[in-house]
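Following the hints, position chain F against chain W.
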Amino acid sequence: MPPIVQSLLLVTAQVIVLLAVSPFLVGLIRKVKARFQCRQGAGVFQPYADLAKLFHKQPVLSTTTSWIFTATPYILFASTLSAGLLVPTLSSQAPLNFAGNIIALVYLLALGTFFLILAGLDAGSAFGGMGGSREAIVASLTEPTMILSVFTIALTAGSTNLSTIVHKTALLEGIVTDPSPHLMALAALFIVTLAETGRVPVDNPATHLELTMIHEAMVLEYSGRYLALVEWAAGLKLAVFLSLIANVFAPWGIATTLTPAALAIGLVAYAVKIAGLAVSIGVLECMFAKLRLFRVTDLLGVAFILALLGLLFFYILRS
Amino acid sequence: MPLSSHIGSQLVDLCSALLLLTCFAIVAQRRLSACVDLFALQSAFLALTAALVAFLTGHHHIYIAAALTGAIKVIAIPRVLKKVIERLNVKRELVMNVNVPAGLLICGALVMLAFFITQPIIPLGFLLTRDSLAIALAIVLIGFFTMIARQKAVTQLVGFLVMENGLFLGATAATYGMPLIVELGVFFDVLIAALIAGIYTNRLQDAFDSVDTTHLTVLKE
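Sequences listed follow chains W and F, in order.
Quick note: the first sequence uses this note's numbering, first residue 905, plus one each step.
Quick note: the second sequence uses this note's numbering, first residue 1302, plus one each step.
Incorrect hints may appear among the rest.
[Claimed, not checked] 25 angstroms max Cα-Cα, derived SDA-like pairs, lysine to any residue:
hint, chain 1, residue 1, chain 2, residue 2
1, W, LYS1194, F, HIS1307
2, W, LYS1194, F, PHE1461
3, W, LYS1072, F, HIS1307
4, F, LYS1383, F, PHE1461
5, W, LYS1072, W, GLY1062
6, F, LYS1392, W, LEU1197
7, W, LYS1194, F, VAL1391
8, F, LYS1392, W, VAL1010
It is worth saying that the hints were derived from the structure and are not from the lab.
Looking at chain W on its own, in the form it has when it is part of the complex (with noise of 0.2 angstroms):
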């Protein structure tokens, strides 16, 4: 096969698995919060009865808005699926390996991020206005925590690059093994994952009491096709966010080489690994209470610490 026919092929894999995982990880994430709640639950393929729904809706604009307002929700899902092809799914080679390594992924879920603050302010709405505040607190605080992550894991594989970082740590060779390091990067990427993807602590992704919303405030004055595309790009950066999680830091399973055979395996590894991180996303929902504004800082706080902290036994155990 011609490597060109090859790397489209990889491509459209990764595009459906990450279009078609997404919406399921919501529902899986409601049903656990629902079981644990002692209600029955929507069936967790519910999401995407949703998003058809609203993708046959007439959207409803407002005549203060501007082509940012119309245009944020392509810009966000199209650089929130770029920032997935980034991140290997079920091959260890991600699609896009050649175009761009683990900081143009952190910067490419920021531009979508940008934009989105920017509509949540363009409808000229309190409450967008006061989401994109918000989400900006947030937004400041997680980068630094997820940059130094991200160095550390990349300081251990001796590479930025996505890919190589996988596939080094999956064979475990030409790595770094020291566990601490990993362990604080990983903490800190996960209580960032909370934070960026709207869940409990940080924000409350079941709620429209405006006094705790932060993402919802921002995609309020969305409607039909566009809030489709918000809710399901919002549903890709939480599979991106997992899946970068499960690949980096437990990458076996995931296929090395382009057989149909270790295909088939990387597929089934990583449907088990996000499963079971959407699964613990939904029970520690379900534990903790909503954090006040005030005191997501705390929580960053802690995560800012644990990457640095990271980064500092890298050195230190090298030494």
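Just chain F now, kept in the frame of chain W:
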């Protein structure tokens, strides 16, 4: 030895890192009962580390120390502290001498300090636990900092116990544990200290209707 010494040393490093992780959780935690739970968790990791060292080195007396850690620090002391907390009218610490984000940054600096102090010593060691020495020192410093930063007697006591955990880890890391008779004495001391501090906290609660130790500085005849 069934495990290679490289993997063994990494496992010990990992357990010590978990100890340090719980330290930071204690520094960031405001709820008193959660602080006690985190201390119990930290002690469980400590017992695990000690058991691991005992397994890897074949020094059987460390098993006894690990079991005592489990019995006293994971079960007995947290239970006493929980009893004390039940009597108190405060559930969480709102005012601290140093606020949480600043405290976390200071603790990060303390860890760096501990690493830089121990850095000249570590390469001289030949024990598989030698990297844990830096972490042990960091835990002692963080425990000390917690005692300074907090105002409530219960969290100060938790800080003291965290310091003791750090010392125990240090002893295990530097010399594969102290002689058993010394460790027995230390365990007894810690247990008694925790009991006395528990009683003292109750007295404080009765006398001032608060467990804020800053009240003691203005005690005048």
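Status of each hint after checking the structure:
For a cut-off of 25 angstroms, the pair hint linking LYS1194 (chain W) to HIS1307 (chain F) is broken: about 42 angstroms separates their Cα positions. Restraint check: the Cα-Cα separation between LYS1194 (chain W) and PHE1461 (chain F) comes to about 30 angstroms, which exceeds 25 angstroms; the hinted pair is violated. At roughly 19 angstroms between alpha-carbon atoms, LYS1072 (chain W) and HIS1307 (chain F) fall within 25 angstroms of each other, so this suggested pair holds. The suggested pairing of LYS1383 (chain F) with PHE1461 (chain F) holds, with an alpha-carbon distance near 16 angstroms, which does not exceed 25 angstroms.
Between LYS1072 (chain W) and GLY1062 (chain W) the alpha-carbon distance is near 10 angstroms, which keeps this suggested pair within the 25 angstroms criterion. With a C-alpha separation of about 20 angstroms, the suggested pairing of LYS1392 (chain F) with LEU1197 (chain W) holds against the 25 angstroms cut-off. Restraint check: the Cα-Cα separation between LYS1194 (chain W) and VAL1391 (chain F) comes to about 21 angstroms, which is no more than 25 angstroms; the hinted pair holds. Between the alpha carbons of LYS1392 (chain F) and VAL1010 (chain W) the distance comes to roughly 39 angstroms, so the proposed pair goes past 25 angstroms and is violated.
Of the numbered hints given earlier, the model fails hints 1, 2, 8; all others are met.
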